[in-house]
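Undergrad: Whole structure, please, built from the sequences with the hints as guidance.
Take a look at the letters that make up each chain.
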Amino acid sequence: MSHPIRIISIELENYRQYFGKHKIDFSSRAEGFTIIAGKNGEGKSNLLNAISWCLYHQEPHGMGDDSRSHHSENRSLSVINNRYITELPEEKTATTSVKIWIQKGDDVYSISRVLTVIKHKLEFKELSDGKKSLLITNFTTDKIPKGCEIINQFGDFVVKKKGPGDPDFHDTIKDADPHTILEEILPIGLSKYFLLDGEFLEGFWKDPTIIQKGIEQISQLHLLSSLKDHVDKMRIPSKGIGKHTDTLTTKIQILSWYEQSLDEDGNEKFTQEPRWKSDPNDPDVYYHATGKPRIIDLTEDKKKMEDRIKEISSQFAKVNVPTVKLLKQTYDEINQEFENEEKNLRSIRNAYRYNLISRSPYVFLKDAIESSVGIIEERMSLGDLPVRQRRQFADDLLQRGNCICGEDLHSQIIGNKETNKRVTNINNFRNNLTGKDDLDSAVDLRYDFKHDFIDKYDTFLKLNFGDPRIKFTNSETRYLELKNKLAGITIQLQNSGDNETETLIQEQEYLLQQMCDIDSKISEIKLNLAMKNKEMTDYRIQLDKELKKNALAKKLSHELTKWEEVFEHISQVYDELKNEIRIDVQNNTWKNFQELLVNSTEFETFKIESDYSVYLLDNNNVNKIRNLSAGQSLILTLAFVAALREPTGYKFPLVVDSPLGKIDSANRYNIGTYLPDFLPDEQLTLLVTDTEYAADLPPDPDYPKLPKTPVGKLLEQKIALKHFKIQKEKSGLNKGNSTIKPAKLVFNNEKLGWMVDFV
Amino acid sequence: MLINWVYLIFNVATDISQRILEKLKKIVTDDSEYNMIVDLLQHEKRYDQKESHQKIKREFQLLINQHFPFEDLK
Numbered sequence: 025m026s027h028p029i030r031i032i033s034i035e036l037e038n039y040r041q042y043f044g045k046h047k048i049d050f051s052s053r054a055e056g057f058t059i060i061a062g063k064n065g066e067g068k069s070n071l072l073n074a075i076s077w078c079l080y081h082q083e084p085h086g087m088g089d090d091s092r093s094h095h096s097e098n099r100s101l102s103v104i105n106n107r108y109i110t111e112l113p114e115e116k117t118a119t120t121s122v123k124i125w126i127q128k129g130d131d132v133y134s135i136s137r138v139l140t141v142i143k144h145k146l147e148f149k150e151l152s153d154g155k156k157s158l159l160i161t162n163f164t165t166d167k168i169p170k171g172c173e174i175i176n177q178f179g180d181f182v183v184k185k186k187g188p189g190d191p192d193f194h195d196t197i198k199d200a201d202p203h204t205i206l207e208e209i210l211p212i213g214l215s216k217y218f219l220l221d222g223e224f225l226e227g228f229w230k231d232p233t234i235i236q237k238g239i240e241q242i243s244q245l246h247l248l249s250s251l252k253d254h255v256d257k258m259r260i261p262s263k264g265i266g267k268h269t270d271t272l273t274t275k276i277q278i279l280s281w282y283e284q285s286l287d288e289d290g291n292e293k294f295t296q297e298p299r300w301k302s303d304p305n306d307p308d309v310y311y312h313a314t315g316k317p318r319i320i321d322l323t324e325d326k327k328k329m330e331d332r333i334k335e336i337s338s339q340f341a342k343v344n345v346p347t348v349k350l351l352k353q354t355y356d357e358i359n360q361e362f363e364n365e366e367k368n369l370r371s372i373r374n375a376y377r378y379n380l381i382s383r384s385p386y387v388f389l390k391d392a393i394e395s396s397v398g399i400i401e402e403r404m405s406l407g408d409l410p411v412r413q414r415r416q417f418a419d420d421l422l423q424r425g426n427c428i429c430g431e432d433l434h435s436q437i438i439g440n441k442e443t444n445k446r447v448t449n450i451n452n453f454r455n456n457l458t459g460k461d462d463l464d465s466a467v468d469l470r471y472d473f474k475h476d477f478i479d480k481y482d483t484f485l486k487l488n489f490g491d492p493r494i495k496f497t498n499s500e501t502r503y504l505e506l507k508n509k510l511a512g513i514t515i516q517l518q519n520s521g522d523n524e525t526e527t528l529i530q531e532q533e534y535l536l537q538q539m540c541d542i543d544s545k546i547s548e549i550k551l552n553l554a555m556k557n558k559e560m561t562d563y564r565i566q567l568d569k570e571l572k573k574n575a576l577a578k579k580l581s582h583e584l585t586k587w588e589e590v591f592e593h594i595s596q597v598y599d600e601l602k603n604e605i606r607i608d609v610q611n612n613t614w615k616n617f618q619e620l621l622v623n624s625t626e627f628e629t630f631k632i633e634s635d636y637s638v639y640l641l642d643n644n645n646v647n648k649i650r651n652l653s654a655g656q657s658l659i660l661t662l663a664f665v666a667a668l669r670e671p672t673g674y675k676f677p678l679v680v681d682s683p684l685g686k687i688d689s690a691n692r693y694n695i696g697t698y699l700p701d702f703l704p705d706e707q708l709t710l711l712v713t714d715t716e717y718a719a720d721l722p723p724d725p726d727y728p729k730l731p732k733t734p735v736g737k738l739l740e741q742k743i744a745l746k747h748f749k750i751q752k753e754k755s756g757l758n759k760g761n762s763t764i765k766p767a768k769l770v771f772n773n774e775k776l777g778w779m780v781d782f783v
Numbered sequence: 417m418l419i420n421w422v423y424l425i426f427n428v429a430t431d432i433s434q435r436i437l438e439k440l441k442k443i444v445t446d447d448s449e450y451n452m453i454v455d456l457l458q459h460e461k462r463y464d465q466k467e468s469h470q471k472i473k474r475e476f477q478l479l480i481n482q483h484f485p486f487e488d489l490k
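Respectively, the protein sequence lines represent chains A and B.
Counting from 1, position 541 in the first sequence corresponds to residue 565 in the working numbering; the numbering is continuous, with no gaps.
Counting from 1, position 38 in the second sequence corresponds to residue 454 in the working numbering; the numbering is continuous, with no gaps.
Simulated from the structure, these hints should not be mistaken for lab results.
No incorrect hints appear here.
No farther apart than 30 Å at their CA atoms in a straight line, the calculated lysine-lysine pairs in the DSS-like style are these: (1) K765(A) - K737(A); (2) K230(A) - K466(B); (3) K257(A) - K471(B); (4) K466(B) - K257(A); (5) K471(B) - K572(A); (6) K675(A) - K441(B); (7) K252(A) - K461(B); (8) K216(A) - K326(A).
Computed from the model, here is a short list of chain A residues facing chain B with C-beta under 8 Å: (9) T204; (10) E208; (11) H582.
Cβ atoms here follow ideal geometry from the backbone N, Cα and C, with glycine treated the same way.
TA: This is the structure:
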């Protein structure tokens with residue numbers, strides 16, 4: 025995992041708007057940064073797509089949601105270059121390919137994907153201006169021109185390797201499936217964390233699962249988690265040993281199926297109940313039937329509902345009715361207080377319940393405890409306890425050599441035998457104390473019970489029950505008061521007569537009710553699980569006893585004991601690491617964010633909770649994570665992605681599309697200054713527009729003395745830069761196609777300033 | 417299946433995070449158990465979500481036989 029990974033080169037042939045062959049040799053981190061400049065719509069995102077397509081047969085970048093944007097052109101573009109396929113004679117084969125060379129440690133991999141089609145008669149549609157446009161067919165994962173037929177449906181995907189002593193590359197198919205090899209190098213699950221595009225970055229903090237997946241996948245916690253599940257299944261033995269053991273195994277199996285929501289064949293079991301979705305057009309997904317997976321589904325949905333409620337909240341702010349705005353502002357303030365009180369109540373309630381469960385037995389057993397203390401004290405007054413004191417007494421007598429009554433206690437050994445009977449008696453007395461040392465703990469217990477419980481019974485009741493109960497009642501009263509206030513404002517909002525507000529309130533009410541229901545469902549499943557878990561433990565103990573009765577069963581018992589130990593250890597490793605890594609990522613993100621962001625003092629702290637919910641608190645303790653500016657959001661994302669690598673040492677290449685587009689001048693300046701020191705030893709490639717990279721920084725009224733030095737020049741002061749330029753041809757045979765060539769940052773003239781231009 | 421065995425025999429590097437290995441070493445004091453968990457993790461890394469439960473069980477069974485062979489002393 026610690027081998028640094030970098031992209032050496034990429035070669036595109038007839039891929040999308042790249043006609044013919046185009047090759048880019050990337051800089052290693054030691055050589056500097058690679059900068060690829062191009063205007064919007066000229067092919068930057070498709071360069072990211074080329075990497076994704078080659079490695080994972082996916083093209084997720086730059087497709088956009090907005091049909092009016094330049095992305096719409098990209099959505100209707102074939103994976104095979106238009107000019108190439110149009111000029112090719114009919115019934116000939118056409119190939120499109122992307123090849124990437126990647127270095128991992130001392131090994132170099134050549135990864136290539138080739139799509140081959142036969143061209144029949146192409147189909148066109150006539151546009152309003154009289155021109156013709158090629159029609160496209162969506163063929164599984166590839167978009168190809170209508171009238172073409174794919175020969176190799178999933179593309180030829182080949183991974184070759186060249187080790188340090190190898191004269192040349194060799195095909196890895198004899199070692200493993202190429203997809204398996206690729207998973208070892210750059211796993212698909214991590215692709216969104218190293219191929220960063222603007223759209224992904226903008227929505228980063230809106231989806232908590234991105235945070236969870238990032239942390240768990242990069243640190244490989246997901247491996248431990250799935251291994252834990254698989255080992256858990258090994259703790260159920262095969263049947264056929266005996267009737268009784270088979271019955272016990274069946275019982276354990278049924279309980280385990282419930283816990284993991286599985287059917288008898290080991291397949292996941294779902295209900296017919298569709299899960300909640302924010303977009304009605306999304307396909308239906310169903311809840312798991314039982315156990316832990318059902319809790320995970322419900323918890324995920326609750327999080328999504330919370331997100332939607334927050335969105336509704338921001339939609340309220342946009343409603344243009346002054347009364348509504350004022351009410352909404354009050355609502356937000358009280359809601360913040362309500363959420364804090366809800367958390368407070370939860371922790372007080374838990375503490376109170378804990379005391380009720382753990383301390384009540386003392387109260388019920390008060391008489392028995394007092395009587396036990398009495399017995400122990402009686403034994404102490406008789407000198408029976410503590411044992412250590414009696415042993416000390418015997419040792420002292422023997423050492424002194426005479427008793428307080430004057431009897432001689434010197435040892436008189438004749439022929440290996442003690443002849444002084446008194447010494448023999450004392451030795452016997454001392455030997456009889458062996459194995460009775462545990463009784464001394466009764467003396468210690470007596471002390472604890474007497475001083476902390478019997479003598480201070482009233483204080484004990486007050487501290488453990490009285491005070492927590494008062495705290496709990498006060499918090500509950502406050503919680504209900506705030507809840508009523510919120511309900512009152514909701515009614516006022518509903519009566520404001522604004523239709524939009526009313527619809528939003530109805531949705532909010534519905535979601536709040538659903539979230540309450542989900543809480544009850546989760547509590548119920550957790551209770552069920554706890555009961556079934558207890559039942560399962562009892563069966564396991566019985567089964568273990570039964571299995572020790574014959575040879576075959578002994579073998580099974582031996583294996584089960586081992587699986588039990590392995591399961592316990594994997595669980596411990598998982599739990600401890602999960603917590604440690606989460607806190608490391610949290611602290612590193614916060615540290616990076618403070619370094620990269622100008623004026624980070626407006627924020628107080630950054631937290632990632634154990635359920636991976638994220639808080640960026642401002643000075644008033646308000647969570648601003650959903651109200652960040654585009655620039656702040658992007659900087660926090662970069663800080664997070666950088667932080668993800670630090671605890672794991674996983675060094676993979678980072679390619680970022682339009683990193684500075686939405687960032688204000690002061691922060692651009694800061695990034696230009698600090699980026700070269702950021703993520704040392706890791707390869708960094710930036711896909712930029714001239715405006716964000718080469719143009720002078722626009723004046724910022726908050727920072728009048730800010731230099732106007734372009735980001736490119738700021739970077740150049742600290743690190744070597746290798747430039748490429750993407751340019752779309754505007755005329756001639758190659759019109760509409762893009763070329764990538766080496767370039768450099770040049771000063772044009774006073775009016776045009778700096779720009780990236782071909783060498 | 418054949419590919420996976422060849423993969424295992426020739427020990428094509430299956431990287432497990434150093435941090436996981438360090439934590440394992442700290443918690444698991446028995447070397448045989450440590451080695452088995454590392455082997456289990458390496459297997460786990462190659463499984464995808466659709467991997468059959470039977471196959472996983474079979475491979476895990478082989479691993480326990482290899483690392484903790486049963487010897488009945490009586």
